[in-house]
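Enquirer: The lines below spell out each chain.
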Amino acid sequence: MGGPVATSSAPDPVVVTLGNPNTGKSTLFNRLTGLRQKVSNYPGVTVEQVSGYCDLEGQQIRLVDVPGTYSLSAMSPDEIIAVDVLCGTVSELGQPQAVIIVVDAANLRRNLFLTSQILEVGLPVVIALNMADRLPSLGLVIDEVKLAERLDCPVIPIAATIGTGIEALKKALAETISSGSIPQVAINIEFNETARELVQQLSIFSPSITQLEGARALIDVGGYAETRLTQAYGGQVSEQLEIFRKRVGGGRDLATIETRDRYSWIQSLLSGVETRKTTVQSTLSILADRFVNHPVTGTLLFAFVMATVFQAVFAWAGPLVHGIDFLTGSLATQALAAFGDNLLTRFITEGVIAGVGSVVVFLPQIIILFAFIIALEDSGYMARAAFLMDRAMRGVGLSGQSFIPMLSSFACAVPGIMGTRVIANKHDRLATIMAAPFMTCSARLPVYSLLIAAFIPDTRYAGGWINIQGLTLFALYLIGLLGGGLTAWLVGRLFWANKKSRFLLEMPPYRVPQFRTVLSKLISRVVIFLKRAGTIILMVAIVVWVLATFPTRSDFNPHVDSASNATQQIETSYLGRMSRSVAPLFQPLGWDWKVTAAVVASFPAREAVIAVLGTIYAVGEKTDKGSATLTDRIRSARHPNGAPVYTLPMVIGLMVFFAFCLQCASTMAVMRRETGTWRWPIAAWIYMTGLGYLGALTVYQVGTWLRF
Amino acid sequence: MSLPLALLKPGQSGIVEGYTEINEMSLRLMQMGLVEGTQIEVVRFAPAGDPVEIRLMGYCLSLRNQEAENILVGSID
Numbered sequence: 000m001g002g003p004v005a006t007s008s009a010p011d012p013v014v015v016t017l018g019n020p021n022t023g024k025s026t027l028f029n030r031l032t033g034l035r036q037k038v039s040n041y042p043g044v045t046v047e048q049v050s051g052y053c054d055l056e057g058q059q060i061r062l063v064d065v066p067g068t069y070s071l072s073a074m075s076p077d078e079i080i081a082v083d084v085l086c087g088t089v090s091e092l093g094q095p096q097a098v099i100i101v102v103d104a105a106n107l108r109r110n111l112f113l114t115s116q117i118l119e120v121g122l123p124v125v126i127a128l129n130m131a132d133r134l135p136s137l138g139l140v141i142d143e144v145k146l147a148e149r150l151d152c153p154v155i156p157i158a159a160t161i162g163t164g165i166e167a168l169k170k171a172l173a174e175t176i177s178s179g180s181i182p183q184v185a186i187n188i189e190f191n192e193t194a195r196e197l198v199q200q201l202s203i204f205s206p207s208i209t210q211l212e213g214a215r216a217l218i219d220v221g222g223y224a225e226t227r228l229t230q231a232y233g234g235q236v237s238e239q240l241e242i243f244r245k246r247v248g249g250g251r252d253l254a255t256i257e258t259r260d261r262y263s264w265i266q267s268l269l270s271g272v273e274t275r276k277t278t279v280q281s282t283l284s285i286l287a288d289r290f291v292n293h294p295v296t297g298t299l300l301f302a303f304v305m306a307t308v309f310q311a312v313f314a315w316a317g318p319l320v321h322g323i324d325f326l327t328g329s330l331a332t333q334a335l336a337a338f339g340d341n342l343l344t345r346f347i348t349e350g351v352i353a354g355v356g357s358v359v360v361f362l363p364q365i366i367i368l369f370a371f372i373i374a375l376e377d378s379g380y381m382a383r384a385a386f387l388m389d390r391a392m393r394g395v396g397l398s399g400q401s402f403i404p405m406l407s408s409f410a411c412a413v414p415g416i417m418g419t420r421v422i423a424n425k426h427d428r429l430a431t432i433m434a435a436p437f438m439t440c441s442a443r444l445p446v447y448s449l450l451i452a453a454f455i456p457d458t459r460y461a462g463g464w465i466n467i468q469g470l471t472l473f474a475l476y477l478i479g480l481l482g483g484g485l486t487a488w489l490v491g492r493l494f495w496a497n498k499k500s501r502f503l504l505e506m507p508p509y510r511v512p513q514f515r516t517v518l519s520k521l522i523s524r525v526v527i528f529l530k531r532a533g534t535i536i537l538m539v540a541i542v543v544w545v546l547a548t549f550p551t552r553s554d555f556n557p558h559v560d561s562a563s564n565a566t567q568q569i570e571t572s573y574l575g576r577m578s579r580s581v582a583p584l585f586q587p588l589g590w591d592w593k594v595t596a597a598v599v600a601s602f603p604a605r606e607a608v609i610a611v612l613g614t615i616y617a618v619g620e621k622t623d624k625g626s627a628t629l630t631d632r633i634r635s636a637r638h639p640n641g642a643p644v645y646t647l648p649m650v651i652g653l654m655v656f657f658a659f660c661l662q663c664a665s666t667m668a669v670m671r672r673e674t675g676t677w678r679w680p681i682a683a684w685i686y687m688t689g690l691g692y693l694g695a696l697t698v699y700q701v702g703t704w705l706r707f
Numbered sequence: 000m001s002l003p004l005a006l007l008k009p010g011q012s013g014i015v016e017g018y019t020e021i022n023e024m025s026l027r028l029m030q031m032g033l034v035e036g037t038q039i040e041v042v043r044f045a046p047a048g049d050p051v052e053i054r055l056m057g058y059c060l061s062l063r064n065q066e067a068e069n070i071l072v073g074s075i076d
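Going line by line, the protein sequences match chains A and B. At position 612 of the first sequence the residue is numbered 611 (numbering that gives the first Met the number 0), and the sequence of numbers has no breaks. At position 35 of the second sequence the residue is numbered 34 (numbering that gives the first Met the number 0), and the sequence of numbers has no breaks.
Don't read these hints as lab results, they were simulated from the structure.
Now the stretches of chain A that chain B is said to cover, found in silico as 3 or more residues with beta-carbon under 8 Å:
hint	stretch
1	61–74
2	256–262
3	292–303
Just so we're clear, the structure is a prediction, and the values are computed from it rather than from any experiment. Quick reminder that beta carbons are idealized off the backbone N, C-alpha and C, glycines included.
Whenever a hint applies, use it, and build me the whole structure from the sequences.
Expert: Have a look at this one:
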């Protein structure tokens, strides 16, 4: 190690940042790496891996951010990742060279619990004592020299939000990497010795087993380390574990002993290190907390915050949405003018630009909603919202912790499902994952907007306050919410008869959201969304365009702007043939083959339905002659017998279908990744599609029978 | 005299003495600092009466009454 990095192919030393949640770990990470970050996933598991690069006195290191955890006992996915990264079993990263433990100075005692576990791993450690600037206002004094002595590693006071101490931290890190000195602490010598012997015994089966893995296997009964070892090497490992556990604990719960020992070690460690001069808590924070948690003002504030978020998403995004719409439209016109009207140009304008444009249009809404959610999370309010919502969420068998992922799902179920990682309870997490796709995501909005604007009367009551169109949209949100709630309840009932949800959440102190942290989180979320637009939806748009264009009829003339000309082309195209063969299945829903084609083509991504409808009703027409809008065209669509296709029961049924159906390949992919099996996404697909079909069928048949 | 934490009123504080039952949740609570000898204070209950927010070691934590019933607290003040 050491020395300048000559070629980019030489692997940079890997340094891991670990710490409790709410310690300002991401803020420090952003300080050290700037925005040069990469978000990926740990191979095989669900957890997001954020890494970036940082220059240490001429040497570049790769910094890996591990999700915040309270312990290494490896029972939740985040803890498992922390253990894997520390053990060097993440193949892509290899063995880390050092660890930065981010510690909240104002909350030293609890933070030192995880610290004490990491100190025993056998890696060089630097401790970043964050929020050191807050200590005087809390009446706390920390002797960091004495603390460093007792922890046997450098302790650097920093304030990540304002950027003090960062240079000192980098310097200490560079020195620690080059010296490679490993902290020597003695917490529970008996456990450590026993774990070492166990590792020796087990190395017959597993030569690469580390001290940390051995210790975790010994202590955590039924935990991750034990499960992995017994799965790989069978019953002999279990026997060995039993023998060693009996010997060291004599039948007592080792995890309880470990925890007690660590806290009593911390207790003696802190004597003479941490002194509390006064026990004042920031009165402002107390007042804020009283207001936020007051039964009346707190509930009002909650309603106000939620109303603002949704108002922002729908009203503020409006002009931006129109702007993007206008841009894609003029881009298509210009392409047509520049390259002339030929097959390739039509492919680009009708396939690529229209297809991707129909998705990028959601970008403003997604950005605004996520900016709000991330800022609310960063400010500490989300934990209060979860506290407030826990009782209500329990009604469907979930906990307050499911509230945040559910809220995110109103923008997009993909980050919502990824957000379920914060839920420690496995069953709660699965139930939330199954319920999340029911939330009215922004991809459903354009479908609703188009159909509501075209077919729901713009009738207003009470002086314009109550609008039938608005009520319809509200009802659609409501059935999504109900569907999700019922699903969560049903999943809990069906699979785990006595499932109990859990709720244990730290209430972080309020702070002003950090612009840099919000921005970097926002960018990573938006990139995920854009990747989807760039891949799946582009593919759908292209495939649909090709299927609708070929085989081209000999009498088809793209230069003639006539509906019958276009319809005949579509009807005989591959898309038309395929749709007509499955159309009988959807006839009871009131759909003709064109609607069927659009819905079937939008199974990989529901928002594609707009682009497909556009293609079906306008394919072959000159783009610059946009005299008839899509709204006009679907309004005048007729069955062969002359009856209108889009009757009110059919339209409402269609919207119900979209409310329930899982038309989103990305959601299925993320469900697969988060649950580790295809069983859940496939079950969800069958269940949701069935529900959508039944819903649309019921609405159409009952509505038609009632002669709406 | 020791009481389950759930029976304390907002503003009351006490010292953790142990758990009625050792389970996964009690281990989690211990890891977060609720070990014997830790001083804890009940900050508030949610409007619905559940969950409960407590303060310990300079930070706040919320948990359900069900868990709070498992925690035994003494030296109540």
